[in-house]
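Student: Protein chains in written order, with our numbering: chain A, 217 to 508; chain B, 2 to 403; chain C, 163 to 461.
If you are wondering where the hints come from, they were derived from the structure by calculation, not from laboratory data. Ideal Cβ placement from N, Cα and C applies to all residues, glycine included. Hints are not guaranteed to be accurate.
Straight-line distance between alpha carbons at most 30 Å, and here's what the computed DSSO-like set of lysine-lysine pairs gives [what the hints assert, rightly or not]:
id, chain 1, residue 1, chain 2, residue 2
1, B, K391, B, K75
2, B, K127, C, K244
3, B, K204, C, K267
4, B, K391, B, K305
5, C, K267, B, K126
6, C, K244, B, K169
7, B, K215, C, K267
8, B, K334, B, K126
9, B, K235, B, K169
10, B, K304, B, K215
Here are the in silico distance ranges between beta carbons for each label pair [claimed, not checked]:
id, chain 1, residue 1, chain 2, residue 2, range
11, C, E333, A, N346, 31 to 41 Å
12, B, E81, A, N346, 20 to 30 Å
13, C, E271, B, G73, 45 to 55 Å
14, A, I275, C, F238, 53 to 63 Å
15, C, F238, A, N307, 25 to 35 Å
16, B, T205, A, V370, 51 to 61 Å
17, B, A152, C, E333, 53 to 63 Å
18, C, S397, B, I61, 53 to 63 Å
19, B, G73, C, S297, 58 to 68 Å
20, C, G295, B, I61, 19 to 29 Å
21, C, R418, B, R345, 44 to 54 Å
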Amino acid sequence: MLTLIDLTQSVIDGLLFGSTYALIGIGFTLIFGVMHKINLSYAATSVAAAYLSLVVVNIVPTPLVYIAAALAGGVLGWMIYLVCFRFLPINNPRSTLLSTVGMLLAIEEFISHVTHGMPLNYPAMFQDSNIELGNFFIRGDLLFVFALGCIAMVALIQLLKRTRLGLATRAVAQQPIAAQLCGMGIATTNVSTFVIAGLLGGTAGAMTGAAVGVLSPLLALPLTVKGLVVTVIGGLGSIPGAIVAGLIVGACENLFQFMRGVSERDIYVMLMLFVFLVFRPGGLFAAPGGRD
Amino acid sequence: MKHKKLNKNKFMTALLLVAATGLTQAQEKTVKIYGIGAKTGVVGIFGQQSEVAMQAAASIINKSGGVTLGDGTKAKLVIEYLDDRCNPEEGINALRRIASQPDAIVAVGPTCSNVAEPVFGILQKKTGDASDSGVQFPLYTDVAAKGGLAAMSQWAFRNVPSEATMYKSVFEWVKSLPGEYKTFWGGVEKDFAHSNATFNVIKTQAAANGLEVKGQSEWLLNDINFSNQVREIKRANADVVAISAHPFTTCGVLKEMARQNVKPKLLIGLTSSSSMETLNGCAQQAEGLLIPTSFAPVTEEAKKAAAAVQALNPKYNMDLHNAAAFENIFTLKEVIEKQKVMGRPDTVQADRQKIRDGLAGLKQTQGLLGKVGRTEDREAVKPYLFVQAKGGNWVVAHTPNQ
Amino acid sequence: MDFYLGLAQIIGIHTLLGLSAWCVLHTGQVSLAQGGFFAIGAYVAGMMTTIWHWPLLLALAMGAMVACAVAFVVGFPSLRIKGLMLVVATTAFSEIIRLFFFNLKYRVETEGGAVGPDGSLGFGGIRYLPTHGWSTFEVNVLIWALVAVVLLSLWALDRSRVGTLWRAVGEDELAAQSVGINLTTAKVSAFALGGAIAGLAGGVYAHYATHIEHGNFGILLSTFAIAYPILGGLSSLAGTLLAVVFIQGFLLEGLRFMGDWRSLLFGVLIVVVMLVRPNGLLTRPFKLSILHKGRAGAE
C-alpha cells in the first residue's frame, strides 16, 4: 500500500516538474517549426534570463522578478537570432547548429565567470503552502509553477490562433515562399518567433529556478537534453505535442527513478525516447505540413 | 688637480654602476612556483582562491627577504597559475607545459580530483625507475581530495585532510553527545567521484560507532528534483542524516527537506561544502549543518593568513582548500632552503629531484591550525575541527582531541 | 619540447574523433553518438591492456572493432530517423553508453591492488605506456601513424566509388535512391566506419590519460566531434585537421595568456568562425560570406 502511494506521489511530483520541461520543449519546437533549424542555446538563454532577473530581486516583489526573467528571455532571444541565425545561409542547418553550440558554451561560461560558479538563491512563491490530500503531498510552489506554465502555454496558443502575428508564424512555418508571396515579412516573423520563444524560455528559466530554489550554470546542459527529448517525443513543430511530452517525460523520469534508482533513471528515459522513435517517428502529434 | 678629480668621479661612477647592476641582478632573482587548477567554469572558484592564497603567502615571504637558494643568494617567490578548467586533457597539457619550462621546479595542484587522477597517472611511478617514462616533476596538491591518490606516484604529494580520520572523529563525538543518536540515513551525490568515495567512508564510520545505518538516498550532481529522495529520508526518520554532496545539490536537498518538514536531530555534510557557496545558496536551510574541516580562523596564524588573502583581493576569503595552498608555499620555502635548490635553468632536473626528496623526507609541516603530520604514502595528517552553519556563518562547534 | 609533443598527442586523438564524425556527416547524418563509440573504445582497450595484459596495438584494434560492431547495430534503426530526430536519438544513445559505464564495475585483484572500472569512481591505472617506457615522442609517432592511416584510407575512399555514393546520399537521398543507390548500405557502412575510428581514438585516449571515467564522455565530447568537420568544411579532410588544430591548439592552449577570458572567447570564436565561414574553414569559395550582404536568414 505504501508503495502504491509512493508511486502515485512520484508521478504527481514528476508531472508538476514536467511543466518546466514542457515550456523548454515548446521553445525548441517553436523555433524548429518556423525555421527548421535547431537552437541548441535555448535552455542556456533561459537560465541566463533567470540570472538576469536576479538583478532586480531585492527591489521588486517576486512576481515581477518572474516577469523580468521573461522579458530578459525575450531580449536574449532576439540577440540569439541576430548573432546565430540572421546572417547564416538558410540552406545550411549545420552551421546554425554549431553557432548555437558556440553560443551555449559562451553563455554557460559567462554565467560561471560573473557568479564565480556559485549557486545563487532564487525566490519561490508559495513556498510554505503545501497541500496535503490524505497521504499525498503536493508542493504549493510546484503547483504554482505548473499553473503559470499552463497559463503561458494557453497564452501562446491564443497568440498563434487569434493574432496576425500568430497567423504569420504558422504560415511561414508551413510554406515560407507562399507566405512571402502574400506579403509577410520573413525576417520580422523570424524575429518575433525568437522573441516569443525567448519570453517563454525566460519564464521556464524562472520556473526552474523557483522549483529548485537555486540557480547554477549546471542547469543549462541537462535542460537542453531534456528539452530536445521532449521536442522529439512531442513531434517537431507541434506545440500541444511538446506540452504533453513534457508532462510525460517529467512523470516518467520520476517514476523510473522511484523504481530503479538514480543511476539507471536516465537510461530508461532515453530508451523511452527510442521506443517513440521506432513506433511513432513523427512524435505524438506530427506537425501539420510535416517536413523532415 | 682637475684631472685627479675627474678620474676620481669616473671611478666612483663606474663603481656605482657596477654596484647598481649587481644589486639589480640580485633583486631580479626569482624562484617560480606554478599552480594548476580550475580557474574558470563551474568550479572555477577553487583555482581562483588557491591562486590568491599562494600569492598572499609569496608576498609575505618576499617581504621578509624571500627564499635563500643553494648558493646563498636570496630570491623572490613568483606564482604562476595555469587554468585546467577541471578537464583531464587540459590538466595533462598544463603539467607538460609546466614541466617543459626551465624555471619550473614544483607545482601546487590540481584542484579537481578527476584531473588529479590522470595527472598523477602520467607521473613516473617510482623515482629512479629508468624503465618508466613517466613525467618526473613534483606536485604538491592543495585541493583534490579523493582518497588515496598520492599513492599513485612517488612524485605526488598532498596536503589535504584525511576524510576517514575526520569522519571517524565526528561519529565518535556524536556517540559522546547527550541525547539519543541511534539511527543513520545517508544522502549521496552518486556521479561525482569525491562525494561518492567520501560517502563510503562516512557510512563505514557511522556503523563503526554504533549507529544503525538504515539506508541511503541517491541523486546526480545536476539533479533538480529531490522529492523522492527526501520522502525516503522523512520516512526513515533517522536521528543522524549525512549529505555527501556539493553545494548545488546539497542546497536542493536541504530546501526540499524544509518543504517536507524533515528535521533530523543532526545533519552532517561533506567537507568541501563547508564554504561560502553553501551559505550563499541556502543559509537558512543549512542552519545547524555540521561539517568537519581542516580550517577555521581560530589561531593567530589562521587569522593572519585569512586577513592576508582578503587584503590582496577582498572578493576572496580563506577556506580549507586555499588554506592548504597557503601552507604549501611556506612548506616549499623550507624545502627549497633545506635542500639547497639552486634555481638555475641548468639545474632544473636536479632541483626537481631535490624538492621531491625534500617533500618525501618531511615528517611534519607547519599548518595554520597546528602541526601537520606526513604519512608514508605522501598524504597529510591535518589538525581538524567541526564547524556548524549558524546564522549564515560557519561557526566552530567542537575541536576534538587529535 | 615535451609539451608540444603532448599537445600533438591530444590533437591527434581529437583528429581521429573528428574524422569519425566526418564519415557519418558525409552521408548527411548528423550524429552525436561519436562520443559513445569513443567511450566504448576507451574502456575496451583499457581493460584489454590493464586486466588481460594484451599488447597495445591488439587492444586498440579490439576497441575499434567492438565500437564498430555496436555502431553497425545502431546504424540500422537510425535509417528511419532523419534530421533533428537523429541528432536527439544519437544524443540519447551516447548518454545510454555513458550511463552504462557509470554503472560498470569490474574489478580484478592483482599484486598491485585492484584494477578495472569501478563504477562512478572511474577506471584508473591504465599505465601501459609509461610502464613500458614509451617516450612522448614514440607515443606521438604511434598516434600520428594511426591518423595518417585513417586519413589516407578516407581520402582513398572519398575518391573511389564508395565516396561518390556517400556524397550522393549526403547531398540528396531521394535523388540517390532514384538512381539505384542502396541507402542502407551507404548509411550503415558510414556509421560503422565512423564508429570504428571513434573507438580507435577512444582506446588511444584511455592510454594517454591513464584514468577515464563516465564524465569524460558526455554530450560535449560528441559535440566537439561534429564541430571539427563542420568547422573545417565537409568537403575536405584536411579541414577537419585544421579545425582540431584551431580548437585544441589555438583556442585552448594558445590563448592561455588571456587567462580567464580564454574560456569566454572559446564559444564566441566558434560563433564568429561560423559567421564568416559558414560552410567551413577550408571550403571553396574562399570568400568571407558576411561581407556579401548576407540577408540569408531573411530569405
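Student: Does each hint hold? Answer for all of them.
Tutor: Hint by hint, here is what the structure shows:
1. Distance check on the hinted pair: B/K391 and B/K75 sit about 46 Å apart at the alpha-carbon level, beyond 30 Å; violated.
2. Of the pairs offered as hints, the one joining B/K127 and C/K244 is violated, with about 53 Å between alpha carbons and a cut-off of 30 Å exceeded.
3. For the suggested pair B/K204 and C/K267, the alpha carbons sit about 20 Å apart, so the restraint of at most 30 Å is met.
4. Annotation: proposed proximity of B/K391 to B/K305 holds, straight-line Cα distance about 23 Å (limit 30 Å).
5. Under the criterion of a C-alpha separation no larger than 30 Å, the hint pairing C/K267 with B/K126 is consistent with the structure, at around 25 Å.
6. The suggested pairing of C/K244 with B/K169 is violated, with an alpha-carbon distance near 56 Å, which exceeds 30 Å.
7. Distance restraint check for B/K215 and C/K267: the Cα-Cα separation of roughly 24 Å lies within the 30 Å cut-off, and the hinted pair is therefore satisfied.
8. Restraint check for B/K334 and B/K126: satisfied, since their Cα atoms lie roughly 25 Å apart, inside the 30 Å limit.
9. The suggested pairing of B/K235 with B/K169 holds, with an alpha-carbon distance near 25 Å, which does not exceed 30 Å.
10. At roughly 41 Å between alpha-carbon atoms, B/K304 and B/K215 are farther apart than 30 Å, so this suggested pair is violated.
11. Range check, C/E333 to A/N346: Cβ separation about 58 Å, and the 31 to 41 Å hint is violated.
12. Range check, B/E81 to A/N346: about 53 Å between beta-carbon atoms, so the 20 to 30 Å window is missed.
13. In this structure the hint that C/E271 and B/G73 lie 45 to 55 Å apart at CB holds, the actual value being about 53 Å.
14. In this structure the supplied range 53 to 63 Å holds for A/I275 paired with C/F238, their Cβ-Cβ distance being about 58 Å.
15. Here the CB-CB span from C/F238 to A/N307 is close to 29 Å, well matched to the stated 25 to 35 Å.
16. For B/T205 and A/V370, the hinted distance range of 51 to 61 Å is satisfied, since their beta carbons lie about 54 Å from each other.
17. Checked against the hint of 53 to 63 Å, the C-beta distance between B/A152 and C/E333 comes to roughly 56 Å, which is consistent with it.
18. Restraint check, C/S397 to B/I61: a C-beta distance of roughly 59 Å satisfies the suggested window 53 to 63 Å.
19. Checked against the hint of 58 to 68 Å, the pair B/G73 and C/S297 fails, with Cβ atoms roughly 37 Å apart.
20. Evaluation of the 19 to 29 Å hint for C/G295 and B/I61 yields a failure: the beta carbon distance comes to about 43 Å.
21. Here the CB-CB span from C/R418 to B/R345 is close to 25 Å, at odds with the stated 44 to 54 Å.
In summary, the numbered hints that this structure violates are 1, 2, 6, 10, 11, 12, 19, 20 and 21.
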